[in-house]
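If you want the building blocks of each chain, they are given just below.
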Amino acid sequence: MREGKGKQALALSIKMVSGLINANPVVYEKKERRVRSAPANVDEYAVEPIDQLEIFDHLRDIKDPEHPYSLEELKVISEDAIEVDDSNSYVRITFTPTVEHCSMATIIGLCLRVKLMRSLPSRYKVDIRIAPGSHATEAAVNKQLNDKERVAAALENPNLVEMVDECLAPTYGFSN
Amino acid sequence: MELDWELRELQTLEGHKDRVWSVAWNPATGVAGIPPMFASCSGDKTVRVWEQTPSSSSWDCKVGFLTSATAFMMFRFLRGEMWLSLHALWCVDDGNCCVHLRAVLDETHTRTVRSCAWSPSGKLLATASFDATTGIWENVGDDFECVSTLEGHENEVKSVSWNASGSLLATCGRDKSVWIWEVLPGKEFECASVLQGHTQDVKMVMWHPTMDILFSCSYDNSVKVWAEDGDDDWHCVQTLNEANNGHSSTVWALSFNGSGDKMVTCSDDLTMKIWGTDLKKMMSEDGYAPWKGLIVTGAADDAIRLFVESKDGSVDEPSYKMILRKEKAHDMDVNSVQWGPGETRLLASASDDGTIKIWELQPVA
Chain W
32 MREGKGKQAL ALSIKMVSGL INANPVVYEK KERRVRSAPA NVDEYAVEPI DQLEIFDHLR
92 DIKDPEHPYS LEELKVISED AIEVDDSNSY VRITFTPTVE HCSMATIIGL CLRVKLMRSL
152 PSRYKVDIRI APGSHATEAA VNKQLNDKER VAAALENPNL VEMVDECLAP TYGFSN
Chain F
19 MELDWELREL QTLEGHKDRV WSVAWNPATG VAGIPPMFAS CSGDKTVRVW EQTPSSSSWD
79 CKVGFLTSAT AFMMFRFLRG EMWLSLHALW CVDDGNCCVH LRAVLDETHT RTVRSCAWSP
139 SGKLLATASF DATTGIWENV GDDFECVSTL EGHENEVKSV SWNASGSLLA TCGRDKSVWI
199 WEVLPGKEFE CASVLQGHTQ DVKMVMWHPT MDILFSCSYD NSVKVWAEDG DDDWHCVQTL
259 NEANNGHSST VWALSFNGSG DKMVTCSDDL TMKIWGTDLK KMMSEDGYAP WKGLIVTGAA
319 DDAIRLFVES KDGSVDEPSY KMILRKEKAH DMDVNSVQWG PGETRLLASA SDDGTIKIWE
379 LQPVA
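If you're matching them up, the sequences are chains W and F in order.
Using the numbering used here, read the first sequence as starting at 32 and increasing by one per residue.
Using the numbering used here, read the second sequence as starting at 19 and increasing by one per residue.
Any given hint could be a false lead.
Per the computed footprint, the stretches of chain W lying under chain F, defined by three or more beta-carbons under 8 Å from a beta-carbon of chain F, are [unchecked claim]:
id : segment
1  : 152-162
2  : 179-188
Distance condition first, Cα-Cα at most 16 Å in a straight line; then the derived EDC-like pairs of lysine to aspartate or glutamate [stated by the list, open to error]:
id : chain 1 : residue 1 : chain 2 : residue 2
3  : W       : K156      : F       : E345
4  : W       : K179      : F       : D287
5  : W       : K94       : W       : E60
6  : F       : K344      : F       : E27
7  : W       : K62       : W       : D111
8  : F       : K310      : F       : E260
9  : F       : K346      : F       : E327
10 : W       : K179      : F       : D351
11 : W       : K174      : F       : D349
12 : W       : K156      : F       : D319
13 : W       : K174      : F       : D279
14 : W       : K156      : F       : E206
15 : F       : K329      : F       : D22
16 : W       : K179      : W       : D158
17 : F       : K291      : F       : E260
18 : W       : K156      : F       : D351
19 : W       : K156      : F       : D22
20 : W       : K106      : W       : D82
21 : W       : K179      : F       : E345
22 : W       : K174      : F       : D238
23 : W       : K179      : F       : E260
24 : W       : K179      : F       : D286
25 : W       : K106      : W       : D92
Please keep in mind that the hints were generated in silico from the structure rather than gathered at the bench.
Virtual Cβ for every residue (Gly too), placed ideally from N, Cα, C.
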């Protein structure tokens, strides 16, 4: 009978490379944060529908896995790339990795998914995808990121969770 | 007369501390006065075993001389409309189904328990876990004891299935392999074969209901059929993929009708496909059981749907239609739906919301 000690490959394929994938990323200026004006009628019990900006606020400060910049600064995500339909509890995030062969794409997708899982009401259905044409194996990455079972298994890996939590740490500074 | 069906919600079971992935009814229960029993497995690394309390006083019986035992026997022999109207006379209407927790199987698996399956005798329960092992549990008195642990898969085990006679067990997982185990006396298990062929994560395995033929479905979008050539040599005898009318994305699950001549598969491509074989029906339909042949699905839109073969189709090309959509059956994705054993007409559903719901299939006049 075969022994069960196999390689501890991750449920999501993430190739570990020694050098940085993209040593010189283009860094963009952060967009000025719009302060929402207080609504005229204040109904304490009214629930504001979740919109693009609210979701972007959850995600903009996620740190890129490789560089000390946020996903917003690297233009990996933008407000326009968020499609939300609150009445149907649906959101789709389209993200653009910095380079075409970015092997960090899966980790970035996972960070987006985990942050939304922790921030949005449980009624929400979330689709994450790579911007079409921006990655060499986008179909394969998209399939993994949207396979709930694979994501669940990946998040049982402590090393991966630690990596994700490091990327998400800057996002908890603001009250969400 | 074509019947219409409704699903009545009987009970919601809480207790699991994470999403519930899967439920499995004990096939040796729900008959001969044995209360229906099922197991549920969860991301909380445990399996819970539940049982329906035999109801004592809550039968509202309009036909005075019938005790519930006698009524059960009449129930089996009646056919068609008469059976349905008699059932309506003494069906419970207080919405309380009384399923209670019998046991929690914990401290064994170290990661998510993804699915489970009872042996045909109902004496053993196999549990498939992301910790790469398959647990074998035995009901000992009031508790369940893990009597064996099957190792071999390199990573997450996703599904487990017993063959009709209980002599073989199959498992599959993310390592792309399907394992066949022989069940030996004394609750010993020996690996009979490791089947390679799928090019990706294998999501589910299931034995044909009567023959020792194994089916597997995968993230590689295909369904494979495995058979033995008589010398313990198992190999893939057929692959159902996109080239031959198969699915265009991950195939998550498959299920057979009672006689085993039809199979339904469901996929991430948002379709279900019905497959037929040339095999003659192995079992004749014994007694009229109008709910058999119903397909029930649980989906990521939180809904439960019922499909039935439509008589509108031509003889050569059967078609199926959806007859019921239970929206918001759960608050989150429905991961598993399973018909109860025997003639119970119960349905169990499991969800990401951490609950299990018990439903009863009811005819609509």
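Of the hints given before, which are not true for this structure? 8, 9, 11, 13, 14, 19, 20, 21 and 23
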